[in-house]
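Colleague: Listed below are the residues making up each chain.
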Amino acid sequence: MADPVIKDIPSGAWTLVAENVTSGFLHIIETQVLKLWQTYRTTGGTAPTDLAEAIQFKGETEEISAGSAIDVYIYAEGGTAQLRVDV
Amino acid sequence: MIGNNSDGNIGAKDDLVTVPYDAGTDTILGYLRTGYYHVHGRPFVYPTKADDVRLEAAAAAWGTTGTITEVIPASTLMNYNFDLHWINISAIDENATIEIDFYQGASGSETWIGSTRASRTTNQARNGPSRIQVPQIEAGTRISAKLSSSTTNATTCNISFEGHYYHT
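Each protein sequence line maps, in turn, to chains B and X.
Residues in the first sequence are numbered from 1 upward in steps of one, following this note's numbering.
Residues in the second sequence are numbered from 88 upward in steps of one, following this note's numbering.
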């Protein structure tokens, strides 16, 4: 596993936070948002454009666990956020 | 959780803990299923329908050069991975405190997996089963043992093992 990386999440857009991963954790460091959404794509796939399949962040940490490599996207609704990405 | 891993850390119904143990690689269901078999797995005794195995210590107080004696030959307990839970100790031939070391592996390449102690005094022989603790053992592994004694004599005793498979 690589060293943790701090990712800034702008408001109102999907941000790629982890690429080509099968496991890891996302920790909320700070947030001004009302809601933080997550989704994923098979690695190398087209980035999401809406919240159709988005799932809201549960708690302060989300685990990444996939049978094959994925790219992880985060959407901050109503403000910005900062995550620590452990992959 | 983010991702499409239907197993993840939870695992599948037929998971078992990896043998030899590799920390951090097993699933929750693997630990649970292994725990079930740890309590209710198919039992065995060895030797079975045969005499106990005789161990002889080195003629030195707490000598470590006693013979490592084969108890369970290779390719004998073949069905499934197994565990040893009890050692039956008998016929300690003199008053002494003894320590028995257990090993796994081929002759000349044995690796230590556990130990137990017992004693015989003027009043008590301490024959009978003693609980032992060893790692899970791969099917077909050769098991051997070595005796060490508190006396300067070549103390002897007889042993057999009781254990179980990680299966029904």
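FYI, nobody ran anything at the bench for these hints, they're computed from the structure.
In this text, a Cβ means the ideal position worked out from N, Cα and C, and glycines have one as well.
Just to be clear, a hint being listed does not mean it is correct.
[To be verified] Label pairs and their calculated CB-CB ranges:
id: 1; chain 1: B; residue 1: A69; chain 2: X; residue 2: D138; range: 35 to 43 Å
id: 2; chain 1: X; residue 1: N91; chain 2: B; residue 2: I29; range: 22 to 30 Å
id: 3; chain 1: X; residue 1: G195; chain 2: B; residue 2: K58; range: 32 to 40 Å
id: 4; chain 1: B; residue 1: D8; chain 2: X; residue 2: R218; range: 29 to 37 Å
[What the hints assert, rightly or not] Simulated crosslink set (SDA-like; lysine to any residue; CA at most 25 Å straight-line):
id: 5; chain 1: X; residue 1: K100; chain 2: B; residue 2: K7
id: 6; chain 1: X; residue 1: K100; chain 2: B; residue 2: G67
id: 7; chain 1: B; residue 1: K7; chain 2: X; residue 2: N91
id: 8; chain 1: B; residue 1: K35; chain 2: X; residue 2: N91
id: 9; chain 1: B; residue 1: K7; chain 2: X; residue 2: G98
id: 10; chain 1: X; residue 1: K100; chain 2: B; residue 2: S23
id: 11; chain 1: B; residue 1: K35; chain 2: B; residue 2: M1
id: 12; chain 1: B; residue 1: K58; chain 2: X; residue 2: M88
id: 13; chain 1: B; residue 1: K58; chain 2: X; residue 2: T114
id: 14; chain 1: B; residue 1: K58; chain 2: X; residue 2: G98
id: 15; chain 1: X; residue 1: K100; chain 2: B; residue 2: T22
id: 16; chain 1: X; residue 1: K136; chain 2: X; residue 2: T239
id: 17; chain 1: X; residue 1: K100; chain 2: B; residue 2: S68
id: 18; chain 1: X; residue 1: K100; chain 2: B; residue 2: I6
id: 19; chain 1: B; residue 1: K58; chain 2: X; residue 2: I115
Colleague: Against this structure, judge whether each hint is valid.
Modeller: Hints, verified against the model:
1. For A69 (chain B) and D138 (chain X), the hinted distance range of 35 to 43 Å is not satisfied, since their beta carbons lie about 58 Å from each other.
2. The given range of 22 to 30 Å is respected by N91 (chain X) and I29 (chain B), whose C-beta atoms sit roughly 26 Å from each other.
3. Checking the proposed 32 to 40 Å range against G195 (chain X) and K58 (chain B) shows it is violated: the Cβ atoms sit about 56 Å from each other.
4. The given range of 29 to 37 Å is broken by D8 (chain B) and R218 (chain X), whose C-beta atoms sit roughly 57 Å from each other.
5. Annotation: proposed proximity of K100 (chain X) to K7 (chain B) is violated, straight-line Cα distance about 37 Å (limit 25 Å).
6. With a C-alpha separation of about 17 Å, the suggested pair K100 (chain X) and G67 (chain B) falls inside the 25 Å cut-off, and the hint holds.
7. About 23 Å separates the Cα atoms of K7 (chain B) and N91 (chain X), which keeps this hinted pair within 25 Å; it holds.
8. Restraint check: the Cα-Cα separation between K35 (chain B) and N91 (chain X) comes to about 22 Å, which is no more than 25 Å; the hinted pair holds.
9. Distance hint between K7 (chain B) and G98 (chain X) is unfulfilled; the C-alpha atoms sit about 31 Å from each other, more than 25 Å.
10. Proposed proximity of K100 (chain X) and S23 (chain B) is supported: the alpha carbons are some 21 Å apart, at most 25 Å.
11. Taken as a hint, the K35 (chain B) and M1 (chain B) pair is broken in the structure, with Cα atoms around 28 Å apart against an allowance of 25 Å.
12. Between the alpha carbons of K58 (chain B) and M88 (chain X) the distance comes to roughly 9 Å, so the proposed pair stays at or under 25 Å and holds.
13. A hinted pair counts as satisfied when its Cα atoms are at most 25 Å apart, and K58 (chain B) with T114 (chain X) qualifies at roughly 23 Å.
14. Between K58 (chain B) and G98 (chain X) the CA atoms are separated by roughly 22 Å; this keeps the pair inside 25 Å, and the hint holds.
15. Under the criterion of a C-alpha separation no larger than 25 Å, the hint pairing K100 (chain X) with T22 (chain B) is consistent with the structure, at around 22 Å.
16. This hinted pair does not check out: K136 (chain X) and T239 (chain X) have alpha carbons roughly 33 Å apart, beyond 25 Å.
17. A threshold of 25 Å between alpha carbons decides the hint, and for K100 (chain X) with S68 (chain B) the separation of about 20 Å falls inside it, so the pair holds.
18. For a cut-off of 25 Å, the pair hint linking K100 (chain X) to I6 (chain B) is broken: about 37 Å separates their Cα positions.
19. Between the alpha carbons of K58 (chain B) and I115 (chain X) the distance comes to roughly 22 Å, so the proposed pair stays at or under 25 Å and holds.
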